[in-house]
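Asks: What follows is each chain in one-letter form.
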Amino acid sequence: KAGVTQTPRYLIKTRGQQVTLSCSPISGHRSVSWYQQTPGQGLQFLFEYFSETQRNKGNFPGRFSGRQFSNSRSEMNVSTLELGDSALYLCASSVGTGGQETQYFGPGTRLLVL
Amino acid sequence: AQSVTQLGSHVSVSEGALVLLRCNYSSSVPPYLFWYVQYPNQGLQLLLKYTSAATLVKGINGFEAEFKKSETSFHLTKPSAHMSDAAEYFCAVSDQVGGNQFYFGTGTSLTVIP
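In order, the protein sequences belong to chains A and B. Going by my numbering, the first sequence opens with residue 1, and the numbers climb by one from there. Going by my numbering, the second sequence opens with residue 1, and the numbers climb by one from there.
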């Protein structure tokens, strides 16, 4: 079974631009979560989507948004990019939603904002 | 609220020596606990998880962890370190009803000395 895939793997943007990242979960997985990883803040939860509905949201500004499609693929969008948005963005999928679910992570998209 | 503390951001062990990575959690409800490993430029890979079935949990690559409620700990151990174990290790906690929101520790970088 193919793992979680994320595209693109690397991205360079300038301040003020917007960016869309894509995540394809493992086949059969209905939950997709997004995390931001930075050296200073570590791994921080952005949001989770389950069956096209946002189930949880972390403490990030409204510039960060996401959505999930009927095939469980998910996108996250960051508008009006800031230098501090430079990070590794990780997507994780799981079969269902509930604290005991194992989350399977993709390789991440590394975003650099100049 | 859930949180995780990983003591020691950097741990060095000799090849063949015991690996001990510490994780303490804070949770207002019985937690689900996870250990993940991250190799450079990759996503996170699950090592093992605790979901209340057994307090001693065995994972992949010879790792195991013991859940100790009285100490609110979930330390990761491996009897004999291998060069390939050099990586970043993350402990994470999730609660039972909050969906798939992981709270990660700040990570421990493991160096294995030949």
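Worth flagging that the hints you see were computed from the coordinates, not collected in a lab. Even glycine gets a Cβ: it sits at the ideal position worked out from N, Cα and C. Don't take each hint at face value.
Label-pair ranges, simulated between beta-carbon atoms [as the list claims (entries may be wrong)]: (1) B/T106 x A/S86: 12 to 22 Å; (2) B/S14 x A/T14: 15 to 25 Å; (3) B/Y39 x A/T53: 15 to 25 Å; (4) B/A53 x A/S86: 20 to 30 Å; (5) A/T20 x B/T106: 26 to 36 Å; (6) A/P39 x B/L18: 20 to 30 Å; (7) A/G58 x B/E15: 23 to 33 Å; (8) A/S51 x B/S14: 45 to 55 Å; (9) A/V95 x B/Y39: 40 to 50 Å; (10) A/G42 x B/E66: 46 to 56 Å.
Every beta carbon over 10 Å from chain B, so not counted as near; a handful from chain A, in silico [said to hold, decoys possible]: (11) R15; (12) T20; (13) I26; (14) F45; (15) G84; (16) P107.
Asks: Just pull the numbers of the violated hints for me, sorted ascending.
Replies: 2, 3, 4, 7, 9, 10, 14 and 16
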